[in-house]
Structure formats: structure tokens, C-alpha cells
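Student: The residues making up each chain are set out below.
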Amino acid sequence: MSEAEVLQPSSTLDLGWMDRQGEWGIRAVPGKQGLSLADIQIGSYGEPEERSDNQTGRPRGAGARPNSYRIGGYAVMSKSEIWLDNASFLYEEALQRQWSSATDVPWHTIKPLPDDIEEAECQLATFFTEVEFVAGDVPARWIASTTPDFFEPRQCLLAQVMDESRHMDVFRKRALANGGGLMQTSGGTAGVVGSIDLARDFTEMSSRLHISGEGAVLTMFRMGELMAYNEAEKAMYRLCAQDEARHVAFGVMHMRYMSETAPQRREEIQCYLDEAERQILAGSQNPAGTQTDSSEALAILLGGGKDKYDEGVRKLIAIRKRQVQEYIKRVRSTGFGDRFDNGRSQLIRTFDDHAAA
Amino acid sequence: MTDKTDDKSPPQPPPPQTAPPQTAPPQPAPPNLKWMGKTHQWGTRVKPGKHGLRLGDLNVGIYGEVPPVWTDQTRAPRGAVSRRGVPPLGYAIRDKVDLWADSAADMYEEAIQRRWAPAVDVPWSTVKPLPDDVERSICQVCTELSQYANADVESVTYWQSQMAYGYHEIKQFLATVSFDGARHMEVFRKRALCNGGGLGLEGPGEVNRMILESRGGWTEAVLYLFIVRGLFTQTMYRYLHRYAHNDAERTIFAHCLEDKARHLTYAIDHLRYAVNHQDDQNLILQQLCFIGERVLVRELKDVVLREALTIVFGNGISEAEEGGRIFRRMMSDYITRYLATLKWLGVERRTLFPEELSAYLKAS
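So the sequence lines, in the order shown, correspond to chains Z and G.
Note that the first sequence covers residues 1 to 357 in my numbering.
Note that the second sequence covers residues 358 to 721 in my numbering.
Heads up, a few of these hints could be off.
Chain Z is faced by these chain G residues, among others (derived, beta-carbon under 10 Å) [what the hints assert, rightly or not]:
no., residue
1, P388
2, E466
3, A474
4, A508
5, G557
6, Y600
7, N639
8, L640
If you're looking for bench data, these hints aren't it; they were derived computationally from the structure.
Since the model is a prediction, treat every value here as computed from it, not as a measurement.
Ideal Cβ placement from N, Cα and C applies to all residues, glycine included.
One chain only, chain Z, in its complex shape (with noise of 0.2 Å):
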């Protein structure tokens, strides 16, 4: 018999396989959300065991072939390493709220706006069109190397990649439409160390990126009301600032589910966040940090223009203080805020003389 005809079905079924399948008699229903993620986790289709051993990229639950070929190299395998408790239902949200820079924002409500506002606003725009692909570009290394066994946790980090392509579009949009043009770069986001992008570790990757770095930056998104001049850019504001907190939500959750299954990396988290609260005011990859040029751009769009820069100077010292609140807020709610009882954070006593001040 020739190996062509091998290939063409034969009369007969082997049917070998309808007993190698995994659990039967499974009849997931849809709740009032529709077939959710959350949904079809039962049976042992559940929750995922602690430490995968899938290299062939077989789909949680289905039946494994002996001789099926090794193609994973995994590096993330452990469960405490990328997993969070509520990643099915950040994944649904982001499915549902996903929008389009191209008709969802209402560009026609930009006018012509005095130079110094415009040369502002490109700035900070090409700041965003900068940064906001650093959160596509990690994120999409970290889902190539996890074990498909923990699936829900890279659905949402490839939502986040979907999501950061689209910050990263309207931001260049905004930038075009308005008579103005992209600006200088910040080089905020270069390989150094420290950098998200040299993060060796999930963990470590997700408290620079979520945490400490989108943190900052949803802050300001939520306080994009401020700086807005038209309705499109108040859009833009809303529409990403609603994006950020699924992703900052991803990160708290991810190192409070770390923190509770391995207490022993608890030390290694607490000098990634020394690392992260050393950025998040003197770094550069926070626009409104005290060193970078799109800080000035907020200024003087905080103010209403160059003459009333020191009138934004106040709003943004106030927006930084949000951000400092905030994270503080979120590292408590991951389980290591002892860190800022205990003396260990610098953060807290420059919030506190911020306070003070």
C-alpha cells in the first residue's frame, strides 16, 4: 500500500481514540454573562495542579499522547509563579469592554489649540506612544514561555498586549490630529537595569509593570479630566484608564496569590518593590516623575499654559501624591505593606513629607 492511500479514510473507523479522551459528561451553563471563562472550570477541567508537566501544549484536561512531541520549554511551570484568583473574570471583562481609537473617540471635538498646550500635549502623547508598548512587548515573551495548563492568566496578558496596541495607537492619533506633531522620545524605557524589560522572574516582570509602572500611570489616567481639552481627549483618557485597572488588578492579585502559596519568596518580592518605589517618582518611565520632560508637558497642560506653569506645578505635585497613595494602597492589598511599617520602604517618608509639606 502506498503512503498516499494511507492517508485517505478508510471504511473501517479505528476509533482507538473516543476511549483516550479526557472527562466525559461535562455540560457547562451559561450564566447571565453569557459562557464565561469561570464557567467551564469544573470537573477536573478546574483549577490547574500546582506544578505542570505539559511540554506539548495539550489543552488543560484533554488526554495526553505518550508519544505526542515535547514543544513547550516552559519556563513558568509552577503555579505560584504567574497564577491570581480572578484572571477568568478580568479576561471576560476585557473581551467585553475592548473599543476602537478610530470611532470610539470623537476626534471631531479637537480644536485648535494655543502652541504651548499643543507642543504639551504632543509631548506627553509621544511619551505614551513610547511607553505603552513596553506593556505589549514583556508581556507577550512571558505568555510564549508559560505552560498553556495555566491558560487564564495569559488570556489576560494577551489582552493586555491588544490592549497596550491600542494606548499606544490613540496616542500617536492624538498626537497627528491636531496641527501638531510627534516630539522628542523620553529613552525612559531602554534596557538598563532595573528595566521591566530585563525582569528575569514573572513576579518580578509583573511588579515593575503592573504594579509600580501602570500603577502611575492609571493614576493619571484617572485624573485625565485635568488635563483634557476637548471630549476626544477625555475619551482617551477614560477609555485606557479603564484598561490600566484590569491590568493593575492583574498584578495585585497575581502577588497576593504569590504571597499567600509561597511565603518563602516573600524577601525576593519585597527588593523587586524596592527596586520598583526607587522609579516611581525619580525614574522615568512615570510621566509625572520629577525628572523627565513630559512632566513639564503636564505642567503646563495642568495650568492652562505656559504662564501658568507654577499653578500646574501644584496639580501635578497633588497627582503625585495620588500615585504614591495609591500604590501604598495596592501594595497593602497584595500583602506586603509591612514594608511600610517596618521602615523598609523609602516611599512612606517621602509621602509623608509630601504630606507634610
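Starting from the known structure of chain Z, arrange chain G on it as the hints suggest.
Tutor: For chain G alone, kept in the frame of chain Z given last:
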């Protein structure tokens, strides 16, 4: 506004990344405003069209100039003024020929407009109990399709992060592809777990390995992921849509077909670009096809997917003969489209085409 980027002043140091913690209230320094006026092109006013303000609309003036090589190793957006002295990030894919497709910006916006959510956009209530052999077969097919989607996700996310920032349209389009992959993984899993069944047996994984091991670069991955495997998957979706057992399955495959069509558009566009702009690229693709087709043939010798599709198409084991005919027709359609696509790309596939695959054409 003047362009101050040609000044001869020494490069500025990159902004500090690991400055010591602040111990005093951070007082804002007086503004230096040196950033003002630093632009390569001012006065750009892109207007939304009837489909809104689309990514491709932004490609005006210098912002639309896409160079053949992107030498900048930072995240400087295309058209922005780069800051000098910034340490490089080490993007591996910096040649336009290795990733470009003119259609990417349009496909990106289309993907966003055609977004869907398996939880709510599939009429799950229309899924009714099926005979056990049919349910087992559809669950088996869904298991393998979910695994295919996983390979899509892992391959695309691996390459996407290595692509230079200057080709942002491609990175952004690929974000939609991996997100589509997430949805496909999810929707096939949901279908397998909603009707008294379960997941089936995992696939053999040989083609998945080939896709993920495309060490020759993204263009090689595109060929294997979107053409060799992608056309096969798309043809399967089309037949599964035609032989669906309920509206839920019809909806699933209709959405997946739409998504897959975008992926193929990009793939064909990119491969065409690569063939037209790189010497001998058609010959390289020909060699890769030669290898890939044999891997595909080996995987197709596994009876599991073939039998499951046969039962689904025939609507039961008892109608396996009819199901087999439909399966062969599906394979013939796939191979016809595969060869036509490669011919259009200028990749000759008459010689050394596997007899096992051409047999389907002869049989039809």
C-alpha cells in the same frame, strides 16, 4: 517651529533609572522647556474619514516613511525625535523585508471593528444533545483546534516582541492575531465542555513543533503558521461551518473564518513583499514548503483528527462513508488553495510535491 535635532551638542545622558530613593519632598525644578520645539515635522493635522481616524490615516509626511532598515534600537516611535545615547534594547527583526505587509494597518483596524466575545456572541442555548459518537468527534476536533490556536499564540507572541518599533503597524496587527488566538483557544474549549462531552485526545504536535521551531525568522514562521497550517485550519473551519449541528457552532466557525481571513491576508501580503524584495526568497520558500509538506503528511497519517472530521461531516459513524467523501473534498480544497496561493507568490510547487497530498486532488 524649528527642528533643533541637528545641533552638535554632546549627547545627553539617558535619564537615570535607578536613582536613590528620595529623602526630601521632591520639589519640581524650574522648567527648562528644552523639549519644546524638538520635532521632525510639525503642523500635521490628520482628519478622520468615514471609518473614523484609522491607523493607516496617520501615514502622512515623515510619519508615513517606512525605511527598509530600522536601525534605532529603542522604542522611539516612527517620526519622533530620538534621544541620543539611549542603551539599545536589542530588537532582532529590523529589516522591513522580514515582516512588512502594506495591509497590516487596515487589517488591524478591521480586527478591532470585528471584535467578538465567545461568552455572549455565541448562542450557546442552541447547543442540544447530540449522539455520543458525534459529540465525541466534535469534542475531538475542538480539542485539536484549541491546540492549534495555542500554537498560533505562542508563535506570534514569541516573534512580536522581537520586532523593531519602527514597524509598529505589524506589531499592532500581530497583537490582534494573538488576541484572536486567545479567543479561538477559549471558544473551542467552551464548545467541548458545554454539551455533555469533554476535551478529546491531544494532537500529535509535529506541525506545531515545526511552527514554533521556525528558527529561520518570522517569514518562515509566517509560511508555516498561516499558509501550511493556516490554510488547512481555514478550510476546516469552512467545512465545519457548513456541517455545523447548531447555530452556536455556525456562529463560532463564521467568526473564526473572519479572523483567519485577516491572518491570511497579512501572510500573503508579507510573503509577496518578501519575495519581491529579497533575492531567492521564492527559492527559500520553496525549500521550506518541501520540508513543511512532509511534516504535514506525517501528521495527517494520524487517524484521530481524520476520523473525527469524517464522523462530524457524516453526522455519525454509520455515515462514515459519506463523511469520508466530504473529508476528501475538504482536503482537495485545501491543497488546491495551498498550491494556488504559492503559485501567486511565485513559489513553484510542481516538483517534489508529496504524492500523499496530490492524491487528494486526483481523487476529486
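Student: Would the stated hint for E466 (chain G) survive a check requiring a Cβ distance to chain Z of less than 10 Å?
Tutor: 6 Å, holds
Student: Identify whether the interface hint at A474 (chain G) stands, where standing means a beta carbon of chain Z within less than 10 Å of its own.
Tutor: OK, holds: A474 (chain G) within 10 Å of chain Z, min 4 Å.
Student: Does N639 (chain G) meet its interface restraint, that is, does its C-beta lie within less than 10 Å of any C-beta in chain Z?
Tutor: 27 Å, violated
Student: Closer than 10 Å between Cβ atoms is the bar; does P388 (chain G) clear it against chain Z? Give me holds or violated.
Tutor: Hint on P388 (chain G): holds, closest Cβ of chain Z at ~5 Å, below 10 Å.
Student: Holds or violated: is there a CB of chain Z closer than 10 Å to the CB of G557 (chain G)?
Tutor: Since chain Z brings a Cβ to about 5 Å from G557 (chain G), closer than 10 Å, the hint holds.
Student: Closer than 10 Å between Cβ atoms is the bar; does A508 (chain G) clear it against chain Z? Give me holds or violated.
Tutor: Because about 6 Å separates A508 (chain G) from the closest Cβ in chain Z, which is inside the 10 Å limit, the hint holds.
Student: For the restraint on L640 (chain G), tell me whether the closest CB of chain Z is nearer than 10 Å.
Tutor: 26 Å, violated
Student: Let's test the interface hint: is any C-beta of chain Z closer than 10 Å to that of Y600 (chain G)?
Tutor: Violated, about 15 Å.
Figure legend: structure checked against the earlier numbered hints; hints not met, in rising order: 6, 7, 8.
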